[in-house]
Amino acid sequence: MRINTLQDVREKWDGIYQERDGQAPGTADRVLLENAHLLPSGGEALEIACGLGANALLLARHGLHTRAWDISPVAIGQLRAVAEEAGLDNLRAEAVDVMDHPPAPRSYDVIVISHFLERDLAPAIVAALKDGGLLFYQTFTRTRVSDGGPRNEAFRLADNELLELFAPLKVLVYREEGAAGDVTRGFRDEALLVAQKVT
617 MRINTLQDVR EKWDGIYQER DGQAPGTADR VLLENAHLLP SGGEALEIAC
667 GLGANALLLA RHGLHTRAWD ISPVAIGQLR AVAEEAGLDN LRAEAVDVMD
717 HPPAPRSYDV IVISHFLERD LAPAIVAALK DGGLLFYQTF TRTRVSDGGP
767 RNEAFRLADN ELLELFAPLK VLVYREEGAA GDVTRGFRDE ALLVAQKVT
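The sequence shown maps to residues 617 to 815 in the working numbering.
FYI, nobody ran anything at the bench for these hints, they're computed from the structure.
Just so we're clear, the structure is a prediction, and the values are computed from it rather than from any experiment.
Where hints are given, some of them may not hold.
As the list claims (entries may be wrong) - Pair ranges (Cβ atoms, derived):
1) T815 with P689: 34 to 40 Å
2) G703 with D775: 42 to 48 Å
3) E635 with R767: 28 to 34 Å
4) A697 with A774: 21 to 27 Å
5) D624 with G764: 20 to 26 Å
6) D713 with S657: 30 to 36 Å
7) A720 with R801: 40 to 46 Å
8) E780 with A652: 22 to 28 Å
9) K628 with R722: 41 to 47 Å
10) D705 with E734: 15 to 21 Å
11) N776 with V814: 16 to 22 Å
12) S657 with P689: 30 to 36 Å
13) S723 with G764: 30 to 36 Å
Using N, Cα and C, we set each Cβ at its ideal position, and we do this for glycine too.
Take these sequences, add in the hints, and give me the full structure.
And the structure:
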């Protein structure tokens with residue numbers, strides 16, 4: 617069951633992005649930056665819950681026909697302006713509630729998701745990948761060493777949960793350092809996965 621109504625969620629994120637109006641989208645997430653060499657040279661890509669679209673911009677600049685979905689029309693409007701200014705006519709930003717409108721089966725060569733967690737969506741994400749398609753996923757974990765990220769544990773991954781959610785895919789890269797060793801260094805408070813659909 618969804619905790620908030622669609623309108624509540626949209627208004628929350630619209631407010632956040634209105635405060636950021638005029639700010640640059642920032643840099644792409646670590647899962648994509650560190651593993652961009654795995655991207656295909658062409659094809660169809662989708663970023664789900666794109667926010668201001670830093671990942672989508674990287675995908676489009678890489679040459680992929682890219683769709684960027686977010687529940688916030690404000691974020692989508694800002695991303696469209698950035699893409700237009702950059703001359704990225706291969707990036708299509710759309711206000712979409714992915715829970716009501718999941719991606720169609722076998723539609724994408726690449727799907728990127730960061731800092732968004734709807735466990736019930738996992739089977740649709742796997743189905744939406746074409747054969748050989750890649751999933752790049754990064755989000756918050758319950759094991760953490762700082763106060764960043766969502767307070768609600770429901771929006772955080774349990775240990776190794778990304779591996780379980782996307783078990784049908786072949787793991788290419790997985791990183792989840794938890795609280796082991798020197799917690800002032802490394803990749804903390806999050807997990808990342810790059811996985812491929814192999815049939």
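Taking the hints in turn, this is what the structure says about them:
1. T815 with P689: 34 to 40 Å: 36 Å, holds
2. G703 with D775: 42 to 48 Å: 43 Å, holds
3. E635 with R767: 28 to 34 Å: For E635 and R767 the Cβ distance comes to about 19 Å; the hint is violated.
4. A697 with A774: 21 to 27 Å: 38 Å, violated
5. D624 with G764: 20 to 26 Å: Given about 23 Å between the Cβ atoms, the range holds.
6. D713 with S657: 30 to 36 Å: Taking Cβ atoms as reference, D713 and S657 lie about 31 Å apart, which means the hint holds.
7. A720 with R801: 40 to 46 Å: Given about 42 Å between the Cβ atoms, the range holds.
8. E780 with A652: 22 to 28 Å: For A652 against E780, whose Cβ atoms are near 26 Å apart, the range 22 to 28 Å holds.
9. K628 with R722: 41 to 47 Å: The hint (41 to 47 Å, Cβ to Cβ) is violated, given that K628 and R722 are roughly 33 Å apart.
10. D705 with E734: 15 to 21 Å: 30 Å, violated
11. N776 with V814: 16 to 22 Å: Distance hint for N776, V814 holds at roughly 20 Å.
12. S657 with P689: 30 to 36 Å: 32 Å, holds
13. S723 with G764: 30 to 36 Å: 33 Å, holds
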